[in-house]
Amino acid sequence: MLVLDFINVGNGDSILVREMEGERLRFSMLVDCGHDSLERDDHPPVEDPRSCRIFAGDFLRSQGVAHLDILLVTHFHRDHIGGLGRVLETVTVGELLTPYAPPADSGPLDPDGDNGLPKAARNVLRCMDLYAGPLRRYGDRIGRIKELPGDRVECLRLTDDLTMDILFGEPALYPRQRAVYDAAFRGERNGYDLIHWGKSMNVSSLRQRLYYHGKEIVLGGDAYAHMWETQTATPCDILKVPHHASLSSTTRKLLRLLQPKAAVVCVAAGRPDERPHPYIVSLLKEFTEDVHFTDAVEIPGLVEPVFHTSVHIELP
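In UniProt numbering, the protein residues as written are 1 to 316.
In short, the hints are calculated from the structure, not lab data.
Just so it is clear, the structure is predicted and the values come from calculations on it, not from any experiment.
Heads up, some of the hints might be wrong.
Simulated DEER-style distance windows between Cβ atoms [what the hints assert, rightly or not]:
id: 1; residue 1: 115; residue 2: 45; range: 29 to 35 Å
id: 2; residue 1: 234; residue 2: 146; range: 25 to 31 Å
id: 3; residue 1: 314; residue 2: 253; range: 27 to 33 Å
id: 4; residue 1: 215; residue 2: 115; range: 47 to 53 Å
id: 5; residue 1: 196; residue 2: 248; range: 16 to 22 Å
id: 6; residue 1: 23; residue 2: 226; range: 40 to 46 Å
id: 7; residue 1: 274; residue 2: 24; range: 41 to 47 Å
In the DSS-like style, the derived pairs of lysine-lysine whose C-alpha atoms are separated by at most 30 Å in a straight line are [to be verified]:
id: 8; residue 1: 119; residue 2: 199
id: 9; residue 1: 253; residue 2: 215
id: 10; residue 1: 146; residue 2: 199
id: 11; residue 1: 261; residue 2: 285
id: 12; residue 1: 285; residue 2: 215
id: 13; residue 1: 215; residue 2: 261
id: 14; residue 1: 285; residue 2: 253
id: 15; residue 1: 199; residue 2: 253
id: 16; residue 1: 146; residue 2: 215
For each residue, glycine too, the CB sits at the ideal point set by N, CA and C.
Build the full structure now, drawing on both the sequences and the hints.
See below:
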């Protein structure tokens, strides 16, 4: 049985994939780690006592997961990698799959130091620091780090019954990403390069397609719809909607290609930036009534709030 938990980390993504044989865990993978906070300063505070937001590391602990065969990082926004430290405090990792591995001797990036950078450039450094810092502190808890080049689809056999394709954006993005971050770790502070790359992070987000007993699960990361309205988007059983169901996340063309039977939106309730966007939710419901939200999203007349620590799906 394949067990999927789209964890309610509030703002961000963290998805636990497990293959079970009865009560025995055969394989486990975490895709992204959520944010480093359950509440963002620029979002309304969580006041409902029924809220079930949980850090990814705490969710793993609650499920008795002490080891991940694979930890996959799709990209380096704070809401996807901010929770890495808590995850590595909780589990050991067989293999980290990532589009960028910091230099082995990398030190802190000091995003809030006296560097003269604008806020957007500091944010790029801060996100990378939230990723690289835990790798330094807990590196002995990771068996192997594999940097994915991004110039080809990665096809992995995870178990006898479970396979995964990792899909990328434009191949030229990943050498550029490496150059920008390597320069930052060398102490170079080019504000233009950092800001420009910050605008490209979602475009570089990895996507995954899982195959299990004839079922297909698409995890869209934060990839905008226009990136993959192509032959790579074929019908699936479950779609993790890209980029928190923002207006740019999904189009009718993409959904016609994917034809999802169920959709999951990883998003914080009450976000002030129309994520999930009501139009996108309505569009999803044209293709499937089986639409779920990790947090207790409420859109009058469209979505009623559901309180849970994860959207839990089991596939035989």
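Here's how the hints hold up against the structure:
1. 115 - 45: 29 to 35 Å: holds, 31 Å
2. 234 - 146: 25 to 31 Å: holds, 26 Å
3. 314 - 253: 27 to 33 Å: holds, 31 Å
4. 215 - 115: 47 to 53 Å: Between residue 215 and residue 115, where Cβ atoms are some 48 Å apart, the hint holds.
5. 196 - 248: 16 to 22 Å: holds, 19 Å
6. 23 - 226: 40 to 46 Å: holds, 44 Å
7. 274 - 24: 41 to 47 Å: holds, 43 Å
8. 119 - 199: With a Cα-Cα distance of about 13 Å, the restraint between residue 119 and residue 199 holds, given a limit of 30 Å.
9. 253 - 215: Since the Cα atoms of residue 253 and residue 215 sit roughly 22 Å apart, the hinted pair holds (cutoff 30 Å).
10. 146 - 199: Judged against 30 Å, a Cα distance of about 25 Å means the pair holds.
11. 261 - 285: holds, 10 Å
12. 285 - 215: holds, 21 Å
13. 215 - 261: holds, 11 Å
14. 285 - 253: Answer holds: residue 285 to residue 253 is near 14 Å, not above 30 Å.
15. 199 - 253: This hinted pair holds, its Cα atoms lying about 24 Å apart.
16. 146 - 215: holds, 27 Å
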